[in-house]
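Produce the complete structure using the sequences and hints provided.
Number of protein chains: 2
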Amino acid sequence: MERARLSLNQYTVKPWPLAHAVDACARRGIPSISVWRDKIAEVGLARAVSIVRDAGLRVSSVCRGGFFPSPSAHERAKRIDHTRRAVDEAAALGAPVLVLVCGPAEGQRLADARAQVIDGIASLAQYAASANVRLGIEPLHPMMIAERSVVASLREANDMVERIGSPAVAVVADAYHIFWDAHVEEELARAGDAIAGVHLSDWTTPRGDVTADRAMIGDGCIELSAIVAAAEAAGWRGDYEIEILSETAWRGDLDAWLDLAVARYEAIA
Amino acid sequence: MERARLSLNQYTVKPWPLAHAVDACARRGIPSISVWRDKIAEVGLARAVSIVRDAGLRVSSVCRGGFFPSPSAHERAKRIDHTRRAVDEAAALGAPVLVLVCGPAEGQRLADARAQVIDGIASLAQYAASANVRLGIEPLHPMMIAERSVVASLREANDMVERIGSPAVAVVADAYHIFWDAHVEEELARAGDAIAGVHLSDWTTPRGDVTADRAMIGDGCIELSAIVAAAEAAGWRGDYEIEILSETAWRGDLDAWLDLAVARYEAIA
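Chains as they are written, first to last, in this note's numbering: chain R, 1 to 269; chain U, 270 to 538.
These are computed hints drawn from the structure, not numbers from a lab. Among these hints, one or two may not hold up.
Stated by the list, open to error - Pairwise CB distance ranges, derived in the manner of DEER restraints:
id : chain 1 : residue 1 : chain 2 : residue 2 : range
1  : U       : 319       : R       : 251       : 33 to 39 Å
2  : R       : 218       : U       : 323       : 34 to 40 Å
3  : R       : 94        : U       : 416       : 29 to 35 Å
4  : U       : 516       : R       : 44        : 56 to 62 Å
5  : R       : 115       : U       : 517       : 31 to 37 Å
6  : U       : 517       : R       : 219       : 26 to 32 Å
7  : U       : 392       : R       : 253       : 46 to 52 Å
8  : R       : 41        : U       : 343       : 57 to 63 Å
9  : R       : 209       : U       : 502       : 34 to 40 Å
10 : U       : 498       : R       : 251       : 43 to 49 Å
11 : R       : 41        : U       : 435       : 57 to 63 Å
12 : R       : 251       : U       : 350       : 33 to 39 Å
13 : U       : 435       : R       : 115       : 35 to 41 Å
To be verified - With the Cβ distance kept under 10 Å, some of the chain R side facing chain U (calculated, not the full set):
id : residue
14 : 42
15 : 74
16 : 75
17 : 78
18 : 81
19 : 143
20 : 144
21 : 145
22 : 146
23 : 162
24 : 179
25 : 204
26 : 205
27 : 223
Here the structure is a predicted model, which means the values were calculated and not measured. For each residue, glycine too, the CB sits at the ideal point set by N, CA and C.
So, in structure tokens, the structure goes:
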């Protein structure tokens with residue numbers, strides 16, 4: 001894939017502050033970056049906006065809102081407010097989408113937790129639409145269901161998008177989370193215009209932390225070219241985010257890691 | 270659930286030889302057992318049959334055939350032969366189903382590997398029907414796709430059953446592997462008469478070996494009563510296998526572990 005559509009998801013180089021990550025993109029001709037909220041908080045929103053703008057980068061997404069389910073109505077309302085502030089940050093940065101990690105069930109039935117996810121997103125859809133930011137439901141790998149997301153397949157995310165029925169509500173397709181699905185290409189086609197992001201990394205079965213043991217593009221078994229082709233066929237013309245959460249990489253030479261990721265991205269047919 | 274429909278999957282007590290496991294069932298009034306092929310091989314098939322018959326146990330299933338995909342046609346043929354012999358063993362033991370773990374892609378594209386799974390199963394369907402044994406496609410958890418099974422959802426297993434179109438080809442629904450799916454109840458209903466087995470254990474996110482880090486029934490987050498209710502609604506009237514693969518349990522007091530599993534099974538509403 002061409003460099004012009006490449007975005008660096010900032011957690012690929014998590015140890016770096018925003019200014020360092022932005023500079024690393026600019027030096028490599030990476031035209032876009034995905035910014036995480038904790039990294040925004042480190043410098044403040046106004047400064048984050050100017051760091052990105054001064055470097056001439058696009059912002060492909062802001063990570064993340066969500067974690068909607070809770071047995072406590074008060075807690076659910078707090079999380080919706082938290083996600084609303086994340087929409088504000090995405091709007092300020094000019095990001096087209098806020099990535100939603102929808103959250104675990106927190107001891108509730110999965111069906112009840114999923115209903116709370118739908119309620120939470122639906123309650124923010126108008127606000128997001130007004131801010132010109134889409135809410136991107138990211139299904140996470142089913143191994144993360146107990147800690148991270150009750151939304152565990154692209155089919156389920158597509159169902160939610162249809163159910164809510166707002167153009168501001170979309171899906172984020174992360175290859176790591178969805179590649180195993182025999183219906184992944186069919187569900188990408190079904191998503192169509194509702195695709196609001198595509199993330200790339202690779203899968204070797206995690207042996208440590210399930211959230212941060214991802215493989216370098218090309219080192220695992222994901223057929224990334226097929227997933228990219230399916231996204232293109234569905235109409236996706238936005239950025240491809242390299243998002244490789246890896247504790248191993250974070251302890252190593254991140255410049256070399258990023259160089260390799262860019263080369264591997266460009267090698268995707 | 271009532272003890273009359275309980276089966277002990279032998280790998281719950283993997284360190285025990287067949288005679289010991291059978292005796293443990295008989296002493297507890299567990300009327301059924303699922304037998305693994307390595308345990309059959311330890312004593313020979315004829316002896317295995319007499320051990321089970323003398324104790325008056327049913328055999329709910331034989332584990333396992335499968336591992337169909339390979340880039341080598343010779344290797345694929347060998348695996349089909351291996352699975353054919355497993356059908357013979359299931360027939361000798363009076364087991365209604367041979368559980369199929371379909372195998373990883375072995376470096377091939379997932380779509381090609383899945384086509385080989387379908388070819389392998391289809392080539393054995395008539396043989397299995399003649400032996401009065403069903404071939405039970407067990408979708409495994411998507412985290413196991415690189416090592417164990419390209420069939421990673423009940424939807425996909427149901428698709429394969431429909432595609433092959435033989436009454437001898439069915440699905441095995443293991444709660445551990447499928448509980449995360451927002452469509453699990455719908456897919457169980459879709460399977461209907463094609464359900465050939467239901468396995469119970471529980472999920473706490475594995476932190477060690479992904480194949481043998483399962484939780485005791487009731488210690489995790491799987492809504493087993495909902496899955497049992499969905500299986501019953503789909504028409505399932507066979508045994509429920511307790512199948513808790515746990516390296517931790519295998520190192521401990523297996524009699525106490527089994528007693529607890531039976532109590533927890535009976536507590537499922």
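Going through the hints against the structure:
1. U:319 with R:251: 33 to 39 Å: 58 Å, violated
2. R:218 with U:323: 34 to 40 Å: 56 Å, violated
3. R:94 with U:416: 29 to 35 Å: 42 Å, violated
4. U:516 with R:44: 56 to 62 Å: 48 Å, violated
5. R:115 with U:517: 31 to 37 Å: At 35 Å between Cβs, range holds.
6. U:517 with R:219: 26 to 32 Å: 31 Å, holds
7. U:392 with R:253: 46 to 52 Å: Distance hint for residue 392 (chain U), residue 253 (chain R) holds at roughly 50 Å.
8. R:41 with U:343: 57 to 63 Å: 59 Å, holds
9. R:209 with U:502: 34 to 40 Å: 38 Å, holds
10. U:498 with R:251: 43 to 49 Å: Between residue 498 (chain U) and residue 251 (chain R), where Cβ atoms are some 47 Å apart, the hint holds.
11. R:41 with U:435: 57 to 63 Å: 59 Å, holds
12. R:251 with U:350: 33 to 39 Å: 47 Å, violated
13. U:435 with R:115: 35 to 41 Å: 39 Å, holds
14. 42: 29 Å, violated
15. 74: 23 Å, violated
16. 75: Since the shortest Cβ distance to chain U is 19 Å, the answer is violated.
17. 78: 23 Å, violated
18. 81: 26 Å, violated
19. 143: 4 Å, holds
20. 144: 8 Å, holds
21. 145: Status holds, d = 4 Å.
22. 146: Constraint on residue 146 (chain R) satisfied, holds at 5 Å.
23. 162: Violated - the Cβ of residue 162 (chain R) stays beyond 10 Å from chain U, reaching only about 13 Å at its closest.
24. 179: 8 Å, holds
25. 204: Interface hint status for residue 204 (chain R): holds (7 Å vs cutoff 10 Å).
26. 205: 5 Å, holds
27. 223: Check passed: Cβ of residue 223 (chain R) comes within 6 Å of chain U, closer than 10 Å.
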